[in-house]
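Chemist: Number 314 marks the last residue of the sequence shown (UniProt numbering); no jumps.
A portion of the hints provided could be inaccurate.
Claimed, not checked - Calculated lysine-lysine pairs in the DSBU-like style (CA-CA distance at most 35 angstroms, straight line):
1) LYS100 x LYS156
2) LYS100 x LYS39
3) LYS39 x LYS287
4) LYS212 x LYS100
5) LYS287 x LYS100
6) LYS39 x LYS212
7) LYS287 x LYS212
8) LYS156 x LYS287
9) LYS156 x LYS212
10) LYS39 x LYS156
What the hints assert, rightly or not - Each pair of labels, with its calculated beta carbon distance range:
11) PHE67 x ARG234: 29 to 35 angstroms
12) ARG217 x ILE272: 31 to 37 angstroms
13) MET118 x SER44: 20 to 26 angstroms
14) GLU231 x SER138: 34 to 40 angstroms
15) ARG158 x PRO58: 38 to 44 angstroms
16) ALA99 x GLN161: 39 to 45 angstroms
17) ALA269 x ALA35: 20 to 26 angstroms
18) ILE187 x ARG97: 37 to 43 angstroms
19) ALA302 x THR226: 32 to 38 angstroms
20) ILE272 x GLN161: 20 to 26 angstroms
21) ARG280 x ALA60: 46 to 52 angstroms
Derived from the structure by calculation, the hints contain no laboratory data.
Yeah, the Cβ is synthetic: ideal placement off N, Cα and C, and Gly gets one too.
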Amino acid sequence: MSDSAKTLAANSPLNIPLGEEPLAPSWGGDVRDYARLMKPRVMSLVVFTGLVGLLMAPGALHPVLGFVAVLCIAIGAGAAGALNMWFDADIDRVMARTAKRPLPSGRLTPSDALGFGMVLAVGSVTFMGLAINWVAASLLALTIVFYVLVYTMWLKRRTPQNIVIGGAAGAFPPMIGYAAVTGSVTIDSLVLFAIIFLWTPPHFWALALFVKMDYSRAGVPILPTTSGEPETRRQILLYSLLLALSGVAPFILGFAGTAYGVVSTLLGAIFIYRAWRLYRGDAGGDKRLFTFSILYLFLIFATLGIESILGWAG
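When you get a sec, could you build the whole thing from the sequences and use the hints?
Modeler: What follows is the structure, given as structure tokens:
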């Protein structure tokens, strides 16, 4: 283990002496700090894809129950974000893009984040189970556990493949929305899962290419620093090809309409082109691909949602 990794491990919330950190949350800070703990930008993506999964599911859910289901997904995502910030406070302190978060800046304590995250996690899963169904609640619980225990605590500091495996946590929301209506997991919802799962590596690695020094200072292994930029660009291209194929799968399998087929094919081709340009050494291609990847996922799921609302789905 490197010296930087040892230092970070020693400063991890799990290693803070009990006498130096209050056992009970202090509930300092203000409402905005607690909102930041929930990672609102990540939450917005989770809510959006979860809502699309709900809209695509066969059958009907009362609008009030639909709102409750989406709210539980949002709160569960916020719980995962808060628990992630609790555990990663030591890393966040040394990374420029995270140093102003509530814990590194001292506006909240680790106990604040831990208590807040646990209340949100238990509350969201319990309410989802009681108000909607326990299949959706189980998937929500799995999402939180996977993000916190598997990705944050286990993979993130140990392997540059952390985002590949850990990305599954971000791919569950459309399955949760789908299960909220049907009470089951089907091939349709698994395909939605696959799209986000395969989207995450090229999206994150494009970001990692231009913020790699931040992760290096924090001692977090990421592909650009462990395998080099050429290998990272190659991996981005490979995952982009797989993503483009999974992106058109809803149309091929017949649960999305012609409009989606056209949109997904066009977007997939652009994604591959941008990944190819990056692979060939395009200056600034990492930032352009990162920006486009956000647009890609939004348009893919927006088209699925609009088709479902208008009844154009296959």
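Chemist: Does the alpha-carbon distance linking LYS100 and LYS39 stay inside the 35 angstroms limit?
Modeler: holds, 13 angstroms
Chemist: Straight-line Cα separation of LYS39 and LYS212 no greater than 35 angstroms?
Modeler: Holds. LYS39 to LYS212 sits at ~21 angstroms (cutoff 35 angstroms).
Chemist: Could you tell me whether the CB distance from ALA302 to THR226 stays inside 32 to 38 angstroms?
Modeler: holds, 35 angstroms
Chemist: Does the beta carbon distance between GLU231 and SER138 stay inside 34 to 40 angstroms, or does it fall outside?
Modeler: holds, 37 angstroms
Chemist: Are ARG280 and ALA60 spaced within 46 to 52 angstroms by their CB atoms?
Modeler: holds, 49 angstroms
Chemist: Holds or violated: are the alpha carbons of LYS39 and LYS156 at most 35 angstroms from each other?
Modeler: holds, 18 angstroms
Chemist: Please verify whether LYS212 and LYS100 have alpha carbons no more than 35 angstroms apart.
Modeler: holds, 18 angstroms
Chemist: Under the criterion that the straight-line Cα-Cα distance not exceed 35 angstroms, is the pair LYS287, LYS212 satisfied?
Modeler: holds, 13 angstroms
Chemist: Taking 37 to 43 angstroms as the stated bounds, is the beta-carbon spacing between ILE187 and ARG97 within them?
Modeler: holds, 38 angstroms
Chemist: With a cut-off of 35 angstroms on the C-alpha distance, tell me whether LYS287 and LYS100 pass.
Modeler: This hinted pair holds, its Cα atoms lying about 23 angstroms apart.
Chemist: Given the hinted pair LYS156 and LYS212, is their Cα-Cα distance within 35 angstroms?
Modeler: holds, 14 angstroms
Chemist: Starting from LYS100, check that the Cα of LYS156 is at most 35 angstroms away, please.
Modeler: With Cα atoms ~21 angstroms apart, LYS100 and LYS156 stay inside 35 angstroms; holds.
The earlier numbered hints that this structure contradicts are 11, 16, 17.
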